[in-house]
Each structure stands twice: as structure tokens, then as C-alpha cells.
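Input sequences plus hints: build the corresponding full structure.
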Amino acid sequence: MAIVKAPFAITGTIDDLNFYLDQDKINRVRKKADSAKTTKKNRNASNDHLIKMQGQEMSHCSKTSKIFRRLTQAFNNNAKDGSYAGRANALFLNIVKEDHNNERGNRLVTEGIKSKYGQELLLGFESNKLRPLPLVLPSNKWTLKNHGFKYSNCNLETDLNWPEDATHITFNLAIANWNLETNHFTTIYGEPQFFPKTSTPQDITITVKPPTDQDLHLTFLFIGFSNQIGSKHIPLHRKHNTATLIAYHYFPQHLNDNTPAQTETSAENLKPPFSFS
Numbered sequence: 000m001a002i003v004k005a006p007f008a009i010t011g012t013i014d015d016l017n018f019y020l021d022q023d024k025i026n027r028v029r030k031k032a033d034s035a036k037t038t039k040k041n042r043n044a045s046n047d048h049l050i051k052m053q054g055q056e057m058s059h060c061s062k063t064s065k066i067f068r069r070l071t072q073a074f075n076n077n078a079k080d081g082s083y084a085g086r087a088n089a090l091f092l093n094i095v096k097e098d099h100n101n102e103r104g105n106r107l108v109t110e111g112i113k114s115k116y117g118q119e120l121l122l123g124f125e126s127n128k129l130r131p132l133p134l135v136l137p138s139n140k141w142t143l144k145n146h147g148f149k150y151s152n153c154n155l156e157t158d159l160n161w162p163e164d165a166t167h168i169t170f171n172l173a174i175a176n177w178n179l180e181t182n183h184f185t186t187i188y189g190e191p192q193f194f195p196k197t198s199t200p201q202d203i204t205i206t207v208k209p210p211t212d213q214d215l216h217l218t219f220l221f222i223g224f225s226n227q228i229g230s231k232h233i234p235l236h237r238k239h240n241t242a243t244l245i246a247y248h249y250f251p252q253h254l255n256d257n258t259p260a261q262t263e264t265s266a267e268n269l270k271p272p273f274s275f276s
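Using numbering that gives the first Met the number 0, the letters of the sequence shown correspond one by one to residues 0 to 276.
Bear in mind the hints are in silico, worked out from the structure with no lab data behind them.
Do not take every clue at face value.
Dumping the calculated DSSO-like pairs for lysine-lysine here, alpha-carbon to alpha-carbon at most 30 Å [claimed, not checked]:
(1) 140 to 96
(2) 51 to 24
(3) 96 to 149
(4) 128 to 113
(5) 96 to 30
(6) 30 to 62
(7) 128 to 231
(8) 24 to 128
(9) 238 to 144
(10) 238 to 128
Label pairs and their calculated CB-CB ranges [what the hints assert, rightly or not]:
(11) 213 to 89: 40 to 48 Å
(12) 213 to 101: 24 to 32 Å
(13) 100 to 227: 53 to 61 Å
(14) 128 to 180: 27 to 35 Å
(15) 31 to 68: 55 to 63 Å
(16) 213 to 104: 16 to 24 Å
(17) 203 to 230: 34 to 42 Å
(18) 55 to 138: 43 to 51 Å
(19) 62 to 228: 27 to 35 Å
(20) 72 to 149: 22 to 30 Å
This one's a predicted model, so the numbers in the text were calculated from it and none came from an experiment.
Glycine included, C-beta positions come from ideal geometry on N, C-alpha and C.
What follows is the structure, given as C-alpha cells:
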């Protein structure tokens, strides 16, 4: 900005200079603002704000995902792939988008999970995408009813997709109750069912008494393979096994306690040949 010294007042625009009279009637000149730079600056500010909002929600979903991955840690220790944590984070980023009550950057999983679609996103989540349930157990003859998994007349040899070195199989079921407001959870594991690879029909039944708390119940199915060497049963690497979220039940009335998050209960039930120490 500069003062114009001329025998007459100059106002208007010449090239990139803007001439005007200020409030004291002093003739001044200033360079016009670069509209392109201003637009770019505003665009960058908008992008920075968007990145900040995304970062806040990513942090929120990451913390929620960590609790989710602990719900059935005994299963996940024996069945998961390298993308497990990232896919769990992505799951809750999609759920948080179902929160239509809060502005972007402040959206919450606790709100997103209230929608039917937000809940359905949970269904079928695989701890190990290399061995999803439809690949390992392609038959749809099994049922889940009254907190129990049942597969009658199962031909273990032909009804399942076995890893090459596997000689035995373990089935188990777990039901977790999760209060997303307090991040308190309790997980109950069933009694594992252990079978050799055989064509003799087997009835597989696992029933779990669900946790008494009623917030969000999640049911997980575990299928693990092992190899018998002499009298020992050696679990196969977790990349060969399966852990899948197969059912959910959302209770609209939540307990409003301040109980801190705790580790799951009854983890010792899933035995042998899998170790969870």
C-alpha cells in the first residue's frame, strides 16, 4: 500500500494496481490480491480441515477397533492374517459413517451402530480373510439357534475344506457382550469339539450361555486345524484357521455404568490342541 502523489485524485484499476481514496480522503494505491492464490489458500485450508476431521474419526475408530479385537482374542491368536487390524479399523470407519446426528469429525461408533446397516456391517467379519468361513465350510447345512451352533450328520472329510497337512479339526463358539459406551465387555466361550478327519457322519453341537449384560451381543465361530504327530496334536499356523462373526443382537437399552474394560472370561475352555497362554 502506498500514497499517490499527483495533482489530481486517481481511482480505479490499472493492470494489477487498485487506486482508491481512504476514509481520510487520502489517495492510495495497493496491489490487487491474486485470486488464484486466494482460491488455492482457501482450498488448502479446506483440505487441512477435512484431513483434521478424518484424523479425529480415524483415531476414534482405531481405539474402538482395539477393543473389538480383544473380544475373542483366544480365537484371533489362532486365526488371523496380516491385514486383520487394518480391516477392523476400516470396519468401524464404515460404521461411524452411519452416525447422522453428529458433524463430520465428531461422528461416533456408538451412534453409527444404532442403525440397522451399521450393525449388519459387523456380520461376516473374518479374522483371517485367507480362510473365510464360506471357503472352509461351504455347506449351508449348519444352523445357529438359541445361542447354539449345530451341524447334524456332518461328513468332516468332504464337507470341509481341509489344509493339506491337517488330520484333526476343532470347532468352538463364543458370545461376547460389548458396551460401546464404557468399552466394558465379557466373552463366554463354549466347550470345543475336537474330531479326526473322517467320513463317518458326526453331529456337532456347541451351546454357549450368553453373558448376562445386554448391550451388543456378538457371536463368533472358530474352526482350527491341527496335525497329529505320534501322540501329539500340533496346531497349524493361524493362516489356516478361521474365526468369523456369524451373528449379532443389539439391545437398545444400555447399561450406563463406569466399569472399566476387562479381558474376556473362560478363555481356558478352548483346549487342546490350541494354546492360549
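Status of each hint after checking the structure:
1. Proposed proximity of residue 140 and residue 96 is contradicted: the alpha carbons are some 35 Å apart, above 30 Å.
2. Annotation: proposed proximity of residue 51 to residue 24 is violated, straight-line Cα distance about 45 Å (limit 30 Å).
3. For the hint linking residue 96 to residue 149, the alpha-carbon distance of about 35 Å lies beyond 30 Å, and the restraint is violated.
4. The suggested pairing of residue 128 with residue 113 holds, with an alpha-carbon distance near 26 Å, which does not exceed 30 Å.
5. Among the hinted pairs, residue 96 with residue 30 is inconsistent with the structure: their alpha-carbon atoms are about 45 Å apart, more than 30 Å.
6. Among the hinted pairs, residue 30 with residue 62 is inconsistent with the structure: their alpha-carbon atoms are about 50 Å apart, more than 30 Å.
7. Straight-line distance between C-alpha atoms of residue 128 and residue 231 comes to about 28 Å, which keeps the hinted pair within the 30 Å bound.
8. Between residue 24 and residue 128 the alpha-carbon distance is near 75 Å, which puts this suggested pair outside the 30 Å criterion.
9. Between residue 238 and residue 144 the alpha-carbon distance is near 28 Å, which keeps this suggested pair within the 30 Å criterion.
10. For a cut-off of 30 Å, the pair hint linking residue 238 to residue 128 stands: about 9 Å separates their Cα positions.
11. The hinted window of 40 to 48 Å between residue 213 and residue 89 is violated, with their beta carbons roughly 28 Å apart.
12. Judged by the Cβ atoms, the range 24 to 32 Å given for residue 213 and residue 101 holds: they are separated by roughly 25 Å.
13. Checked against the hint of 53 to 61 Å, the pair residue 100 and residue 227 passes, with Cβ atoms roughly 55 Å apart.
14. Checking the proposed 27 to 35 Å range against residue 128 and residue 180 shows it holds: the Cβ atoms sit about 30 Å from each other.
15. Roughly 56 Å separates the CB atoms of residue 31 and residue 68, a value that falls within the hinted 55 to 63 Å.
16. Taken as a hint, the range 16 to 24 Å is violated for the pair residue 213 and residue 104, whose Cβ atoms sit roughly 31 Å apart.
17. For residue 203 and residue 230, the Cβ-Cβ distance of about 24 Å falls outside the hinted range of 34 to 42 Å, so the restraint is violated.
18. At roughly 44 Å, the beta carbons of residue 55 and residue 138 sit within the given window of 43 to 51 Å.
19. Under the hint 27 to 35 Å, the C-beta atoms of residue 62 and residue 228, about 42 Å apart, miss the expected range.
20. Range check, residue 72 to residue 149: about 25 Å between beta-carbon atoms, so the 22 to 30 Å window is met.
In the structure shown, a violation is registered for the earlier hints numbered 1, 2, 3, 5, 6, 8, 11, 16, 17, 19, in ascending order.
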